[in-house]
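> Starting from the structure of chain A, add chain B where the hints point.
The primary structure of each chain is shown beneath.
Protein chains: 2
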Amino acid sequence: MYKAKIFVNYKPSVLDPQAQAIHKALVRLGDDNVATVMMGKYFELTLTATDVDAATAQVDRICDRLLANVSMETYHFTVTPVGEATV
Amino acid sequence: MYKAKIFVNYKPSVLDPQAQAIHKALVRLGDDNVATVMMGKYFELTLTATDVDAATAQVDRICDRLLANVSMETYHFTVTPVGEATV
Numbered sequence: 001m002y003k004a005k006i007f008v009n010y011k012p013s014v015l016d017p018q019a020q021a022i023h024k025a026l027v028r029l030g031d032d033n034v035a036t037v038m039m040g041k042y043f044e045l046t047l048t049a050t051d052v053d054a055a056t057a058q059v060d061r062i063c064d065r066l067l068a069n070v071s072m073e074t075y076h077f078t079v080t081p082v083g084e085a086t087v
Numbered sequence: 001m002y003k004a005k006i007f008v009n010y011k012p013s014v015l016d017p018q019a020q021a022i023h024k025a026l027v028r029l030g031d032d033n034v035a036t037v038m039m040g041k042y043f044e045l046t047l048t049a050t051d052v053d054a055a056t057a058q059v060d061r062i063c064d065r066l067l068a069n070v071s072m073e074t075y076h077f078t079v080t081p082v083g084e085a086t087v
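Heads up: the protein sequence lines correspond to chains A and B, in order. Numbering-wise, the first sequence is residues 1 to 87 according to our numbering. Numbering-wise, the second sequence is residues 1 to 87 according to our numbering.
Derived by calculation from the structure, the hints in this document are not laboratory data. Where hints are given, some of them may not hold.
Each pair may be met inside one copy or between any two copies, as identical chains are not told apart.
Calculated cross-link-like contacts (lysine to any residue; reagent style SDA-like; alpha-carbon spacing at most 25 Å) [said to hold, decoys possible]: (1) Lys-11 with Gly-30; (2) Lys-24 with Pro-12; (3) Lys-24 with Met-38; (4) Lys-11 with Ala-49; (5) Lys-3 with Asp-60; (6) Lys-41 with Tyr-10; (7) Lys-24 with Asp-60; (8) Lys-5 with Val-27; (9) Lys-24 with Thr-50; (10) Lys-11 with Asp-51; (11) Lys-11 with Thr-50; (12) Lys-3 with Asp-51; (13) Lys-5 with Ala-25; (14) Lys-5 with Ala-19; (15) Lys-3 with Val-14; (16) Lys-11 with Val-52; (17) Lys-41 with Leu-15; (18) Lys-3 with Val-82; (19) Lys-3 with Asp-31; (20) Lys-24 with Leu-66; (21) Lys-5 with Glu-73; (22) Lys-11 with Leu-66.
From a predicted model like this one, the values you see are computed outputs, not experimental measurements.
Bound conformation, chain A alone (with noise of 0.2 Å):
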């Protein structure tokens, strides 16, 4: 059994009015120490796979497919036998 963790977040030249939206309220509230902020979908996914190398090609292939709009988005993830601690 494997996990993948999966980042997914806008293309740097894509708005992102969400973002922007906390930014303006964390300003609003004070926080106006606060320079960036990005916002992202995380996903956890855990799957069977013959070995870390097949498993890597198909969650590469559900991002392309379902988790990311490739046109405006970017993803990166890991992959780890279940069991071995990452962050």
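Okay, now just chain B, sitting in the frame of chain A:
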């Protein structure tokens, strides 16, 4: 300058229809070896602060007040000086 990496997820007891919909879509696409799907929000903030403890306390307050709905969601985060590599 400090960078906070924040993860906000539903509490285990809370039903996540979006994650369920993704799981069903994966099965339809033939990825039926995916056992579990968890989805959450991911934020990166950069902020100035006197020291890492002050930055940590502020980020905790920001999560509690703005980024997480603490009745349904949990959050965890890391705070590191900008320039020090983490995952």
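> Can you tell me if Lys-11 and Gly-30 fall within 25 Å by alpha carbon in one copy, between copies, both or neither?
neither (28 Å within a copy, 28 Å between copies)
> Go through the copies and call it for Lys-11 and Asp-51: within, between, both or neither, with a Cα cutoff of 25 Å.
neither (31 Å within a copy, 31 Å between copies)
> Regarding Lys-5 and Ala-25, is the shortest C-alpha distance of 25 Å or less found within a copy, between copies, in both, or in neither?
Intra 29 Å, inter 18 Å, cutoff 25 Å: inter-copy only.
> One pair to classify: Lys-3 and Val-82, alpha carbons no more than 25 Å apart. Within, between, both, or neither?
For Lys-3 and Val-82, only the intra-copy Cα distance (6 Å) is at most 25 Å; the inter-copy one is 28 Å.
> At 25 Å max between alpha carbons, let me know whether Lys-11 reaches Leu-66 within a copy, between copies, both or neither.
both (17 Å within a copy, 24 Å between copies)
> With identical chains, the pair Lys-11 and Ala-49 could be close in the same copy or across copies; at 25 Å between alpha carbons, which is it: within, between, both, or neither?
neither (30 Å within a copy, 28 Å between copies)
> Is it within, between, both or neither when you check Lys-3 against Val-14 at 25 Å Cα-Cα?
So Lys-3 and Val-14 pass the 25 Å test across copies only (21 Å; inside, 29 Å).
> Since the copies are identical, ignore which copy is meant and state whether Lys-24 and Thr-50 lie within 25 Å (CA to CA) inside a copy, between copies, both or neither.
between (47 Å within a copy, 22 Å between copies)
> Check Lys-24 against Leu-66 for me: Cα-Cα at most 25 Å, and say if that holds within a copy, between copies, both or neither.
between (31 Å within a copy, 12 Å between copies)
> Checking Lys-5 and Ala-19: alpha-carbon separation at most 25 Å within a copy, between copies, both or neither?
So Lys-5 and Ala-19 pass the 25 Å test inside a copy (22 Å) and across (14 Å) alike.
> Go through the copies and call it for Lys-41 and Leu-15: within, between, both or neither, with a Cα cutoff of 25 Å.
Intra 16 Å, inter 18 Å, cutoff 25 Å: intra and inter.
> How would you label the pair Lys-24, Met-38 (within, between, both, or neither) given a Cα cut-off of 25 Å?
within (13 Å within a copy, 29 Å between copies)
Of the numbered hints stated above, those contradicted by the structure are hints 1, 4, 10, 11 and 16, listed in ascending order.
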